[in-house]
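**Q** Construct all of the structure, not just a fragment, from the sequences and the given hints.
Chain by chain, the residues:
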Amino acid sequence: MYSWRPLRRSLKLLHEVLDMRTLYDYYKLFPHTDCGYCGNTSCLTMLRRYCLGNSDLNSCIYFKSGERQTPKISYSPPPLRLPPAENISYIRPCPSEPTKVTIEVNVLPKIHSPYGYFDMITADKIFDHQISNLKISPSLGIARIESEAGDVMIFSEGKVIIRRGADERRAFWEIGKAIRLLWATVNRKIRAESAQ
Amino acid sequence: MLDINNVRKDFPFLRSGRIYLDSTATSLTPEPVLRKVLEYYHEYRANVGRGIYNAAQAATFAYENARAEVAKLINAKPNEVIFVRNATEAINLIANGLKFQEGEKIVTTILEHHSNYIVWLRLKNAKKVGLSIVKSDKEGLLSPSDFISHIDRRTRLVAVTQTSNVLGVRPPVKDIVKLAHEEGSFVLVDGAQSVPHAKVDVKELDCDFLAFSGHKMCGPTGVGALYIKEDLQELVEPLCIGGGSIEDVGIEYYRLRSGPGKYEAGTPPIAEAIGMGAAAVYLMNVGMGNIEEHERKLTKRMLQGLANINGIVVYGPRDAEKRAGIVSFNLKGMNPHDVAVALDTASGVMVRSGHHCALPLHKHVLNAPNGTVRASVYLYNNNEDVDVFLETLEEISKTLA
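Chains as they are written, first to last, in numbering that gives the first Met the number 0: chain A, 0 to 195; chain B, 0 to 400.
Watch out, some of these pointers could steer you wrong.
DMTMM-like mimics (lysine to aspartate or glutamate), calculated; alpha carbons at most 25 angstroms apart, straight line [unchecked claim]:
#, chain 1, residue 1, chain 2, residue 2
1, B, Lys137, A, Glu103
2, B, Lys397, A, Glu156
3, B, Lys104, B, Glu181
4, B, Lys362, A, Glu96
5, A, Lys124, B, Asp174
6, B, Lys321, B, Asp136
7, A, Lys99, B, Asp343
8, A, Lys99, B, Asp21
9, B, Lys397, A, Glu145
10, B, Lys98, B, Glu236
11, B, Lys177, B, Asp145
12, B, Lys98, B, Glu88
13, B, Lys202, B, Glu291
14, B, Lys321, B, Glu88
15, B, Lys134, B, Glu63
16, A, Lys124, B, Glu393
17, B, Lys397, A, Asp123
18, B, Lys134, B, Asp247
19, B, Lys296, B, Asp205
20, B, Lys198, B, Asp318
21, A, Lys63, A, Asp123
22, B, Lys8, B, Glu38
23, B, Lys331, A, Glu96
24, B, Lys397, A, Asp24
25, B, Lys331, A, Asp127
26, B, Lys397, A, Glu96
27, A, Lys124, B, Glu394
28, B, Lys331, A, Glu145
29, B, Lys331, A, Glu103
30, B, Lys331, A, Asp24
31, A, Lys27, A, Glu66
What the hints contain is simulated information worked out from the structure, not anything from laboratory work.
**A** Structural data, given as structure tokens:
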């Protein structure tokens with residue numbers, strides 16, 4: 000059985016991206032087994048990806064076998080509720096790629112610190128080759144996280160740039176993923192150090 | 000010799016220490032040009048070609064004088080130079096003004112900027128005009144013989160760039176003009192990247208049309224020029240007509256003027272045109288030969304430096320003699336936009352990334368569907384600019400790629 004708590008928490012995370020109530024209504028129609036047959040880690044992930052147009056309901060064994068009735072989802076995600084426009088700019092760097100959006104976020108506009116807002120020298124020590132797709136350049140003050148379709152670049156003076164070969168929604172998804180990845184690594188390192 | 004320190008003082012944009020390596024997209028504007036534009040607004044802000052009062056006369060004089068200076072830059076007669084918005088509008092003017100008929104043919108190349116490419120595709124689709132694309136080799140080089148099989152009796156126009164805005168290669172325009180004229184076709188030269196950077200002589204080239212932009216040659220934005228050979232002006236119809244372009248109008252008839260005025264309906268971009276004239280004077284004072292030589296040295300330095308950085312793929316010929324001051328490259332493992340952002344944020348180096356308005360070239364010749372990074376130099380760049388660019392790029396290659 001799934002527990003409600005983590006689900007609620009995950010849904011809260013989704014709040015920024017999708018209309019929570021509608022998504023929740025559809026979620027009720029899912030098998031809630033998190034079996035992984037469809038290739039997603041949970042039924043919620045599957046639903047989320049379906050709503051973003053990235054998965055097929057027929058890849059679910061319960062729906063395919065008819066054990067559970069395939070829900071009719073006529074759901075198109077509502078316009079993204081973007082964070083306040085302040086300090087965020089959307090850049091389309093090449094006219095021949097009008098759909099490719101780069102999002103620039105200035106975490107703090109002006110920071111007067113010799114190390115900048117993001118301290119890449121310390122970051123290099125913490126993350127030192129722990130994440131294969133994270134590259135840090137202490138000399139340039141830039142960190143770069145590669146993902147399947149785009150990159151997140153973090154600059155020491157407090158700028159974060161998300162370049163995705165997709166729309167604004169996905170770009171925000173990507174930055175969320177990058178932040179979770181970094182936190183997970185920090186937590187693992189802290190746990191490992193306290194265990195010693 | 001070009002006195003680089005003196006030249007740099009003229010460009011206020013450079014005072015903050017930024018490194019501008021994107022002159023192919025648009026150039027910086029020097030103080031003398033800015034002063035001339037401001038002078039118009041301050042001293043004799045009036046319309047041109049209409050008005051008897053002093054300021055109107057002064058404005059008309061300055062506007063026509065600018066035309067003469069721009070003509071001098073390309074060795075044309077003043078009445079062969081038409082002020083337009085930019086090179087793109089100039090090319091569109093020819094595409095629409097030549098009144099192509101079904102069955103006629105246009106020849107262009109795979110190197111072209113979209114502005115000298117999609118206009119012909121539109122004609123092909125709309126009027127069933129034949130379109131023949133001359134393919135280059137992997138380095139973007141073209142030889143006159145590549146054109147022989149494409150240009151025939153049906154060919155009405157050959158539209159070719161004088162300098163590729165991606166690779167910096169220079170197709171043999173003079174030979175192409177000769178070939179085209181033998182078959183009785185016109186030649187339109189896209190001079191957007193050549194006129195600002197080297198001596199272009201329309202008499203020597205013998206081309207029929209030459210399009211170029213003011214903003215790429217140290218002039219203001221919003222103005223460009225189209226050269227139309229004097230005896231062909233009868234043949235080319237204007238893109239739009241109206242006030243200023245007529246000789247006589249009755250209730251049921253109108254008669255267009257001859258000369259550049261025919262194409263300049265409505266109030267033209269006066270201040271911008273005056274600025275473009277000032278830019279032509281500025282470039283001629285520095286010397287087009289000096290500018291070309293200066294850029295060649297910087298390009299050589301850049302190409303040598305790039306060859307020593309791990310993971311850099313340079314597109315086009317490695318020999319600086321075979322190209323203008325435009326170098327497109329990629330860093331393996333990194334998207335061109337990321338390289339450009341890293342260069343800007345780390346060292347204030349401004350370069351262009353993407354497809355540079357030349358998708359067919361990126362897709363079919365360079366095999367770089369994600370685009371390239373492009374660094375380009377102009378008269379105000381110095382060795383230090385190139386060195387900082389190379390050092391930062393090397394650091395990016397070592398730590399981030």
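**Q** Where does the structure disagree with the numbered hints, that is, which hint numbers, in rising order?
**A** 1, 5, 14, 15, 18, 19, 21, 24, 26, 30
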